[in-house]
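K.L.:
Sequence:
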Amino acid sequence: MKKVLTYGTFDLLHWGHINLLKRARNLGDYLVVALSTDEFNAVKNKKSYHSYENRKMLLEAIRYVDEVIPESTWEQKISDVIDNNIEVFVMGDDWEAKFDFLKDYCEVIYLPRTEGISTSKIKQDLFAVSSQ
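Here the sequence shown is numbered in our numbering, starting from 128 and rising by one per residue.
Quick caveat, the hints were computed from the structure, so don't treat them as lab data. Fair warning: this is a prediction, and the values are worked out from it, not measured in the lab. Any given hint could turn out to be false.
[Claimed, not checked] Below 25 Å or equal to it, Euclidean Cα-Cα: the simulated SDA-like pairs (lysine to any residue) are: (1) 130 x 170; (2) 149 x 170; (3) 204 x 243; (4) 225 x 240; (5) 183 x 170; (6) 230 x 194; (7) 174 x 155; (8) 149 x 139; (9) 183 x 255; (10) 174 x 154; (11) 183 x 161; (12) 129 x 247; (13) 130 x 173; (14) 225 x 236; (15) 204 x 215; (16) 248 x 168; (17) 173 x 243.
Can you make the complete structure from the sequences, with help from the hints?
P.N.:
Written out as structure tokens, the structure reads:
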């Protein structure tokens with residue numbers, strides 16, 4: 128079984144997220160998603176609208192996702208790859224070259240982002256509407 132791993136916050140879930148998860152799953156037989164915990168988001172100076180547990184529940188309901196694990200630190204990626212027998216690590220191309228250090232442990236693929244959508248764009252659009 129070929130296992131694939133991706134990481135993210137997956138807040139305000141949208142079709143760009145679904146496209147990434149579908150394409151990641153198509154690279155193997157089993158997709159593991161490492162989901163940023165609320166505590167780790169605080170370290171990254173990010174605040175999610177939805178809690179970790181709610182974001183985890185949403186991800187688990189998506190047919191492309193086989194397993195969700197917590198992302199608690201920047202440093203856990205090598206151990207996640209080893210501990211979960213990962214063969215392919217996938218991230219959006221906005222992270223290009225940032226995870227090349229994992230090439231010693233698995234294949235690393237950067238997928239193009241879905242054009243026209245992002246969580247940041249959704250937040251900007253909502254703020255613009257609420258400011259009117």
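K.L.:
Against each hint, give a clear statement of whether it holds in the structure.
P.N.:
Status of the hints after comparison with the structure:
1. Between residue 130 and residue 170, the direct Cα distance comes to roughly 28 Å. Violation of the 25 Å bound is thereby established for this hinted pair.
2. For the suggested pair residue 149 and residue 170, the alpha carbons sit about 29 Å apart, so the restraint of at most 25 Å is broken.
3. A distance of roughly 29 Å separates the Cα atoms of residue 204 and residue 243; the hinted pair therefore is violated under the 25 Å criterion.
4. For a cut-off of 25 Å, the pair hint linking residue 225 to residue 240 stands: about 16 Å separates their Cα positions.
5. Our distance criterion of 25 Å between C-alpha atoms is met by residue 183 and residue 170, whose separation comes to about 19 Å.
6. Note on residue 230 and residue 194: the hinted pairing holds, with a Cα-Cα distance of about 22 Å set against a maximum of 25 Å.
7. Restraint check: the Cα-Cα separation between residue 174 and residue 155 comes to about 31 Å, which exceeds 25 Å; the hinted pair is violated.
8. Restraint check for residue 149 and residue 139: satisfied, since their Cα atoms lie roughly 17 Å apart, inside the 25 Å limit.
9. Restraint check for residue 183 and residue 255: not satisfied, since their Cα atoms lie roughly 28 Å apart, outside the 25 Å limit.
10. A C-alpha spacing of about 30 Å is found between residue 174 and residue 154, which places the hinted pair above 25 Å, so the restraint is violated.
11. Distance check on the hinted pair: residue 183 and residue 161 sit about 10 Å apart at the alpha-carbon level, within 25 Å; holds.
12. Proposed proximity of residue 129 and residue 247 is contradicted: the alpha carbons are some 32 Å apart, above 25 Å.
13. Using a Cα cut-off of 25 Å, the hinted pair residue 130 and residue 173 is violated, with the two alpha carbons roughly 29 Å apart.
14. For the suggested pair residue 225 and residue 236, the alpha carbons sit about 11 Å apart, so the restraint of at most 25 Å is met.
15. Straight-line distance between C-alpha atoms of residue 204 and residue 215 comes to about 12 Å, which keeps the hinted pair within the 25 Å bound.
16. Between residue 248 and residue 168, the direct Cα distance comes to roughly 19 Å. Compliance with the 25 Å bound is thereby established for this hinted pair.
17. Between residue 173 and residue 243 the alpha-carbon distance is near 22 Å, which keeps this suggested pair within the 25 Å criterion.
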